[in-house]
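Based on the provided sequences and hints, a complete structural model is requested.
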Amino acid sequence: RGRLQLDVAGVDAPKGIVPGKSLGVATEFRRAYIGFDGTMPGGFGYRIEVDLANSAVDLTDIYLTWKANTDLTLTVGQHKPFFGMEDLQSDLFLSFLERAAFTNAFGFERRVGASATYNRGALLVQGGVFSDNSKDLIDSNNSFSLDGRVVFMPKLAGGTLHLGGSAHYRQFNDLTHVGSYSVRPFSHATDLRLVNTGNVMAVSGERVLGAELAYVRGRFHAAAESSWLTAKRDGLANPTFNGGYAEAGLLLTDDTTAYKGGVFDRIRPKTPLGRGGIGAVQVNARYDWLDLSDAGIVGGRQQIAGLSALWIPTDNVRFIVNYGHIWLKDAALPAGADRTYSADSLGMRAQFDF
516 RGRLQLDVAG VDAPKGIVPG KSLGVATEFR RAYIGFDGTM PGGFGYRIEV DLANSAVDLT
576 DIYLTWKANT DLTLTVGQHK PFFGMEDLQS DLFLSFLERA AFTNAFGFER RVGASATYNR
636 GALLVQGGVF SDNSKDLIDS NNSFSLDGRV VFMPKLAGGT LHLGGSAHYR QFNDLTHVGS
696 YSVRPFSHAT DLRLVNTGNV MAVSGERVLG AELAYVRGRF HAAAESSWLT AKRDGLANPT
756 FNGGYAEAGL LLTDDTTAYK GGVFDRIRPK TPLGRGGIGA VQVNARYDWL DLSDAGIVGG
816 RQQIAGLSAL WIPTDNVRFI VNYGHIWLKD AALPAGADRT YSADSLGMRA QFDF
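Going by this note's numbering, the sequence shown opens with residue 516, and the numbers climb by one from there.
No wet-lab data here; the hints were simulated from the structure.
Virtual Cβ for every residue (Gly too), placed ideally from N, Cα, C.
A portion of the hints provided could be inaccurate.
Stated by the list, open to error - Distance condition first, Cα-Cα at most 27 Å in a straight line; then the derived DSS-like pairs of lysine-lysine:
#: 1; residue 1: K530; residue 2: K844
#: 2; residue 1: K582; residue 2: K785
#: 3; residue 1: K844; residue 2: K775
#: 4; residue 1: K650; residue 2: K785
#: 5; residue 1: K670; residue 2: K785
#: 6; residue 1: K670; residue 2: K775
#: 7; residue 1: K775; residue 2: K785
#: 8; residue 1: K844; residue 2: K747
What the hints assert, rightly or not - What follows is a set of in silico ranges between Cβ atoms, one per label pair, in the way DEER data are often shown:
#: 9; residue 1: D606; residue 2: K650; range: 17 to 25 Å
#: 10; residue 1: L678; residue 2: T585; range: 21 to 29 Å
#: 11; residue 1: T554; residue 2: D853; range: 56 to 64 Å
#: 12; residue 1: A737; residue 2: G558; range: 19 to 27 Å
#: 13; residue 1: A672; residue 2: G851; range: 28 to 36 Å
#: 14; residue 1: Q818; residue 2: G560; range: 38 to 46 Å
Printed below as a string of structure tokens:
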């Protein structure tokens with residue numbers, strides 16, 4: 516198995532944010548995964564996958580599964596701790612180049628642990644115990660987290676309704692953790708973080724609560740999520756940061772939005788390119804927000820109005836273009852002396868997977 520995502524993207528912002536640096540335009544291999552997965556006798560399965568983008572080797576999914584029965588699957592290894600609908604969705608099937616701002620700002624990532632998934636009918640229950648990402652596991656890292664998610668997926672008016680929620684508790688223990696929450700401006704093309712809490716002193720733990728809502732019917736889909744992260748600080752006020760998004764999308768071709776197991780899945784064109792058609796075409800609109808100011812910490816507020824267009828000529832090839840207008844208030848990086856300003860982001864992606 517493998518995937519390649521090649522991006523060209525840029526951010527246009529007021530001058531004077533960082534002297535000598537430009538938000539400008541950049542080209543990068545956003546992801547370059549290679550790996551393998553399969554099954555073994557006894558109901559066991561496995562996946563081993565690495566990301567080779569940007570001349571680095573990062574471990575992504577590395578786990579062993581056991582299907583106890585048709586409804587229950589147990590997993591051990593490095594995988595995602597059920598933070599929410601879009602975070603669990605494969606990056607191959609995103610409607611924009613990047614996930615919602617809060618998923619990056621709050622540090623959602625794969626971690627090493629053990630989990631269980633129960634899926635029967637319209638009910639999905641997921642839960643697990645996790646340590647840390649494999650690259651951060653050192654002798655002094657005895658942090659742990661408890662993570663859970665519940666989704667109800669009833670049929671409604673010819674479509675599927677998605678109602679979900681998640682809860683997460685993380686304790687850092689002996690791990691020295693200087694809390695810092697930030698995000699890039701709707702593009703991975705720059706390392707600058709226009710909203711950023713800076714170091715919010717030593718954080719002993721985190722609590723995250725998430726809510727999910729979606730509806731899927733034929734060509735149409737709508738989705739919304741919100742998440743609240745509370746950083747626990749010994750002897751200091753505990754700030755709570757919030758982010759989320761609301762999105763709607765429509766396939767312009769005679770195709771169907773794919774939804775499976777509590778997340779959006781691969782769109783398969785009914786008439787792909789080379790077989791009498793042009794593939795699938797989808798348009799999407801999104802509002803995204805992130806507020807990193809609370810309890811005396813002023814990390815700024817970011818709001819984005821985004822539009823995207825997708826061309827999916829075949830099952831395994833996808834082209835994306837997206838635009839976002841960004842409003843910033845109390846930005847961590849001022850434009851001259853102004854911390855309230857706007858910016859624009861435009862990005863394109865070509866990807867394939869096998």
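Against the structure, the hints come out as follows:
no. : hint                    : verdict
1   : K530 x K844             : 16 Å, holds
2   : K582 x K785             : 32 Å, violated
3   : K844 x K775             : 38 Å, violated
4   : K650 x K785             : 41 Å, violated
5   : K670 x K785             : 23 Å, holds
6   : K670 x K775             : 13 Å, holds
7   : K775 x K785             : 18 Å, holds
8   : K844 x K747             : 25 Å, holds
9   : D606 x K650: 17 to 25 Å : 19 Å, holds
10  : L678 x T585: 21 to 29 Å : 23 Å, holds
11  : T554 x D853: 56 to 64 Å : 57 Å, holds
12  : A737 x G558: 19 to 27 Å : 37 Å, violated
13  : A672 x G851: 28 to 36 Å : 52 Å, violated
14  : Q818 x G560: 38 to 46 Å : 41 Å, holds
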